[in-house]
Every structure is written in structure tokens, then in C-alpha cells.
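Fit chain C to the known structure of chain Y by using the hints.
Keeping their order, the protein sequence lines are chains Y and C.
Take 1055 as the starting number for the first sequence in the working numbering and just add one per residue.
Take 1055 as the starting number for the second sequence in the working numbering and just add one per residue.
Since the hints were derived computationally from the structure, they do not count as laboratory data.
Worth double-checking, as some hints may not be accurate.
Which copy is meant is left open, because identical chains are indistinguishable; a pair holds if it fits in one copy or across any two.
[To be verified] In silico lysine-lysine, DSS-like type, Cα no more than 25 Å apart, as pairs:
id : residue 1 : residue 2
1  : Lys1189   : Lys1174
2  : Lys1287   : Lys1174
3  : Lys1071   : Lys1206
4  : Lys1094   : Lys1071
5  : Lys1327   : Lys1341
6  : Lys1206   : Lys1151
7  : Lys1189   : Lys1071
Protein chains: 2
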Amino acid sequence: MHSFRELAEIFAERFTKAHFPASPATLYEPAEYFLGIGGKRIRPVMCLMGNELFDDIHPDAYHAATAIELFHNFTLIHDDIMDAAPLRRGMETLHKKYGDNTALLAGDVMLIQAYEYINKIDSSYQKHILSLFNKTAREVCEGQQLDMDFEKQEHVGLDQYINMITLKTSVLLAASLKIGSVIGGASEGNRNHLYEFGKNLGIAFQVQDDYLDAFGDPDKFGKDVGGDIRQNKKTFLLLHALEVCSPQHKQELQYLITTNPDDKVERVLSIFKSCNVDEWANRLKEKYLATALQHLDDIAVMSSRKKPLLELSEFLIQREH
Amino acid sequence: MHSFRELAEIFAERFTKAHFPASPATLYEPAEYFLGIGGKRIRPVMCLMGNELFDDIHPDAYHAATAIELFHNFTLIHDDIMDAAPLRRGMETLHKKYGDNTALLAGDVMLIQAYEYINKIDSSYQKHILSLFNKTAREVCEGQQLDMDFEKQEHVGLDQYINMITLKTSVLLAASLKIGSVIGGASEGNRNHLYEFGKNLGIAFQVQDDYLDAFGDPDKFGKDVGGDIRQNKKTFLLLHALEVCSPQHKQELQYLITTNPDDKVERVLSIFKSCNVDEWANRLKEKYLATALQHLDDIAVMSSRKKPLLELSEFLIQREH
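Excised from the complex, chain Y in its bound form (with noise of 0.2 Å):
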């Protein structure tokens, strides 16, 4: 058995070297560039721990924990592209460096080649794990067409929100734990709950995340504190305090959202705080994160060996008692 962080060193070793041919450098230059940008390659390890809830980690684990973080960069050059984001970790994003259309094939043959390397792994449950792969390829798309779509639209209710985002982020998370433990060889029954516990514990992350967006220490969360609010990002926070404030609040921040004065996000943050959004979204968040728990708990192996996925939620999950 080995820890959250013995894993993703594992694999960070793993990963790092070339995946696609030299030539044409014009096309796979820029692919490799933006590998090497890093990350946290927290889904290829959940895949990797998902095999080792199980059974000694398999070699084909590594195959698809690949195709997997593949997948991801995928959907982050194309993602890029969309928002016409400049930066990401700090360095360039691929269209800002070697122009929208290389970045475009560059992200087409990087999910081509995580096709590559699901086919490297035993025909005894490749048809599988192709299918989950591919529904969960297509709800992230459909994930980031619900965020585009909700960009332009007035109303969101939270339910789609959490449907949104949980096609957009959670299902990745839940299908690389899954796959992981189909090559480990679990029941379904015990794949179904680590599907569960990936999905709810993704949702936990993402409230956590608009939380920290608006409330979190500026010095510890890193991030522009109050972005989301200055961009006027729909976010757990801002659709719930619209769905409960008080007539008065809900006017104002209606104001606050179409225009843009100096005092926005103090203004924003002070309604939030007088509706208790800030005590909801910790509620919300213990929810999801208890509903997580309890599908880990449901899983039916030695509690010792989920240890290391313990470890992950309390990575991922900041508990504030």
C-alpha cells in the first residue's frame, strides 16, 4: 500500500517524459509543452488508488491513469481556447503561445493519444473501461457547454449548478477511482460506491472552492480572493443567496451584478453574510463530504486500506472543525 503522495510521486516520475513523437515538432511541441506545464495529477492517482483499494497496483493501472491525465489536458488546452485564458500556473496557456488553431490540434490529438494508451491495457475488461471512459468524456463536454450556456443565461437554479458541475469536474474524478478498482479487480458493488465517493467528494471540492473564492484567507487560498464576484461568476454562493435573501438583498445584488462599482465584492460579501451563505456553504460542503464518507465506508475491504483515500479528502477538503 502506498500514501496519497508516494503515489503521485509514482506517477509524476512515470509521466514525465516525451508521449508523442518528434515530428512534426510544429504539432507535438507544443503538445509536450503544455504536459510540462504540471499539475497535481490528482485523477491519475485517483485511478492508481482506486487499483490499490483492491489488489497490488497493476501495470495496466499506469496505462490508464495516463490516458486519463491525457484526457484532462485535453479538456484544459480546449478549455483554454474557450475562455481565451492567457495564464495557467502561471505560465502561458497553449493558444496564447502558439496560436488558437495548433492549440486546437494539439488538444484533438492529445485525446487521440489517450485513446493510445486505454488500448494498451487486457482485452478482459478493456470494453469497460472504454465505455466509462467515453461517458464520462462526453458529460465533462456536456459539463462545459451547461457553464458556457449559463454564462449568457439570467437565472440558474442550484440544481443545475450542482449538475453542471458535476459533470464538468466530479465525474472524472468518480471514473478514475472506478476504473482503477475495475482493474483491481472490485465487485460492482464496491466500484458503484467508489464511483459515489469520488463523484460527492468532487462537489465537496467545488463548494469548498466558490467558499474560499469569496471568504478564504488571501494569504493561504493563493487565488484573487473575491474574483468570482468581480467577474460575476455564478457559483454555489452567489445562486443560493438568490434563491433566499430577502427582497431587498436580491435587488441589490441584482445592482451589484450588472454593474460595477469600486465596493462590489465588500458589498456582495455583506449580503451573503447577513443571509448565513457563508455558514450554508460549509453546511453544503459537510454534506457532500458526509455523503462521501459514507460510500468509502459502504465499500467492503480491511478499513486499513482506505487509508490513502482518507488522506486524499482531507488533502482535497479543509474541515473547519
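Leaving out everything else, chain C in the frame of chain Y:
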């Protein structure tokens, strides 16, 4: 056995259905719209022909053919974005109608859906077919990148151009036939001859396309004759002319490429003719066609089974003698 036209009708009938779920409509309606624009469906039909050359059509051949057609449409959607093309077959391109971002995502989801059809075929040859499919998909992306590179490059050698065209268009024709032949139970030798038949036929077709764009009868050709010349596109004709023309003609060509006089098309055509570029192009086309037909001849099946493939080559390549 079915004729080329019969297979085209059978495939078109099967393919005309929804390939995506209804929701989210903002993603899948655009994807279905693009498939509805139509096309000759040559590649999937080639897959069916590759199967039927060796045995009755297996249901898996329809799955593979559908995957190939979806893949082809994915490339068209993304190519249209890269080329900023407003029209395809007289209809609005996807990005023009629904915006670049949705077109990008709809292309992505179409590629993913292609893999879902590959996942429906029998495990006994799935790995082999997926591997060829992935290799071909990567090559098509490489071809598109090289095509974009060549636009910015002053000198492009004829060999480089043939390599680009092979990757961008011929390998998919070749792979379509070969995938069908794998399903039809062909031996490796026969599969490879069929692949080479498709590859060389594709190059011959492209030489003809470049030729017709310059020398074609406007009434028969249907396209805007001289369009490649007006757009300074690097074609078989231009690259050869730049290699064989007299220094004076070469200088004039280079002047015409960098400027856009009103009589540009006539003057370029006149140089082409004086260097016998038209005759050379016809000989080149015949050379590739002959190579293709030799490979078809070398396939060890009764010659009567090859009739639909001969019909295909006659449909694609007009012979002048």
C-alpha cells in the same frame, strides 16, 4: 456482393438517425446539424467494401463505418474553425451558425462518439482496429498541422506536399478499407495491399483535384475554377512549376503569388501550360492510380469480388484516355 452505389444507399439509410442524446440541446443539436449537412459518405462505404471484398458484411462493419464517418465529420468541424470557413456544401458551417466554442466542443464530442462505435465491435479484433484508428487519427491531425505550416512557408518541396496530402486525406481512405478487411477476415498481406490501394487512390484523387481546380471545365467541375491560384494555395501544380520552370517563369510566378493582379489566373495558367505542368499532373495521377490498381490486383481474392472497388476508383478518378 453490392455495388458501390448500393452500399452508399445502405449506409446512408442506417446513418440517418440521431447519434447523440437530446440534452443538452445546446451541444447536441449543433452536432446533429452538422451530420445533417450530408456528404458522399465515401469513407464508411469504403469500410463496408473492405469487408465485402473478403466475406459477407458483418454487423461490426457498420459500427466501424459509423465511427469513421463521425471521425471524418469531427475533422471537418475543427478544420472549418481553423480555416474560418463560412460555408460547407452550401450550408453554414457549425462555428458560423453556433459560434467557435460550441463548434469546438461539438467536434470533441463527435470524436468521442466515434470511439463509442469502435467499442461496439467484437473484442477479437477490437485492439487491432482501435490501434489503426488511433494511428490514422493522429496522422490526419499531423497532416492538418503541416498544411497550416506550409501556408506560412516560402518553399515547400513536392515530396513534403505529397507527405502532407497522404496524411491529411489518403490515410483515412486507406484505413477505412483496411478496417473493413480486418472485420472481413482478410490475411495480413491482403489487408496491406488494400491499404496501399486506398492510399495511392487518395493521392491520385488529390492530384486530380488540384488539376481540375486549374484546368477543369467550370460547368462540370462545379467548383470555382482558378480558386487555388487566386488564394495562392500550394498545389501539386504550383510546387512542380516552381521546381521545373525556367528562371524567368519562376520569377514571374513568384511575383504573381505575392501580388494579386486582375489577370493572375490566366497568367499562372499560361506559365503552367508552357512548362507542361498539365501533362505532368495527368501523368502523376495515372502513376498513382496505376500503383493503386496494381495493389488491388495483388489481393488474393477472385477478381469478380473486386468489381465494386474498381467502380469506386472510376467514380473518384476520371481517366482521360
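Against the earlier hints, flag every one the structure doesn't satisfy and list their numbers going up. As far as the earlier hints go, 2 and 3 are violated by this structure, in ascending order.
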